[in-house]
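Position 246 of the sequence shown, counting from 1, maps to 247 under the working numbering, and the rest follow consecutively.
Hint data in this document are derived by calculation from the structure and do not stem from the laboratory.
Computed from a predicted model, the values in this text were never measured in an experiment.
Be careful, since some hints might not be right.
Computed cross-link-like contacts, EDC-like style, restricted to lysine to aspartate or glutamate with a CA-CA straight-line distance of at most 20 Å [what the hints assert, rightly or not]: (1) Lys-31 to Glu-265; (2) Lys-150 to Glu-167; (3) Lys-74 to Glu-105; (4) Lys-251 to Glu-190; (5) Lys-243 to Glu-105.
Distance ranges between label pairs, derived from CB positions [claimed, not checked]: (6) Phe-262 to Gly-193: 32 to 38 Å; (7) Phe-262 to Leu-40: 24 to 30 Å; (8) Ser-56 to Pro-234: 25 to 31 Å; (9) Gly-69 to Asp-106: 36 to 42 Å; (10) Pro-234 to Ile-46: 26 to 32 Å; (11) Gln-197 to Pro-234: 19 to 25 Å; (12) Arg-107 to Ile-27: 17 to 23 Å; (13) Asp-106 to Asp-291: 51 to 57 Å; (14) Leu-40 to Asn-227: 28 to 34 Å; (15) Val-279 to Gly-69: 28 to 34 Å.
Built from N, CA and C at the ideal position, the CB exists for glycine as well.
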Amino acid sequence: MRYVVVDSNSSKDYKLKGTEINLQLIRYKKLLTYLEEHLSEEINIQQVESICCYSYRNINRIFQAIHGETIGKYVKRLRLEKAAQFLKYSNMGISQIAYQVGFEDRSAFSKAFSKRYGSSPKDYRNNSEAIRQEIQKNFDLRADHNCQKLQFEIEVLHNFDYLFLEYHGDYRDMDKVYAHWQTFLESIEQKGLLSQHSILMTEIIDDDEIGDHLNSRYRHALILENSLDFEPPELFRIKTHKRQKYAKFKHQGSPKSLEGFYQEIYAFWMTDIGYELVDAPILEFYPNFDENLTEDSQITEIYIAIT
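All chains should be modelled from the sequences, with the hints used to inform the complete structure.
Written out as structure tokens, the structure reads:
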């Protein structure tokens with residue numbers, strides 16, 4: 002399948018077709034989008050009730066049944082995981098990180114972070130740096146001095162809309178990830194959306210080394226070149242990617258070897274890359290995707306957001 006960057010009109014309306022529409026499911030998907038877009042803000046109970054057409058108590062019960070945690074605990078967990086990412090991959094001050102993820106008081110942030118991760122934000126940052134240095138050693142410290150630096154390109158992806166299905170679970174459970182991928186492909190094919198020109202990607206929301214790996218979010222997606230004339234089925238959602246600059250890396254080989262490639266990227270980020278990371282999901286594209294390809298022939302283009 003070919004790979005191009007689509008620049009679409011983000012103001013498109015996605016019309017509904019047919020009469021049998023699950024309004025409760027639509028509202029639930031709108032709630033997830035709302036929480037993601039306002040993660041650093043205090044939960045607006047009135048807004049949540051307006052989106053769901055339920056009392057906050059009742060929607061909380063439904064949410065907990067689906068996610069295993071209340072809306073408040075869900076938001077707090079994601080805020081702390083976001084803070085851990087900043088501590089691990091940026092030089093941002095701790096007070097600034099606390100504010101960035103929605104804590105106005107540094108001491109309250111430190112207390113919540115320590116309870117979640119078992120160490121203070123400062124100790125967590127120091128330990129992350131020690132681990133990064135250890136990973137560098139595991140890559141032989143480039144001791145032969147013949148190893149090239151990591152190769153990458155700078156690329157800007159413009160606005161585009163994409164349809165996605167979100168996977169919750171362990172990235173390392175490849176059988177489940179592949180099963181989810183097949184479900185995604187079969188669903189878009191049934192809707193007549195899959196063709197030889199389709200552009201497929203994966204959006205990696207969470208770092209499973211930071212968060213609860215059993216709740217990590219991983220989105221299989223199809224870039225939309227035109228508006229849909231029907232409501233996305235079941236738990237499928239539509240989102241707009243905003244213009245962003247990326248460092249683009251190319252990996253060839255089995256998806257099972259991607260974890261080691263990512264470790265190398267981040268271990269040598271400071272020395273080889275030198276760009277400031279941006280708080281945005283990682284994107285993976287598959288320019289030569291073909292189910293008949295051998296794993297060793299597969300190409301994955303990795304996009305990591307930078308300033």
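Numbers of the earlier hints that this structure fails to satisfy, in rising order = 1, 2, 4, 5, 9, 12
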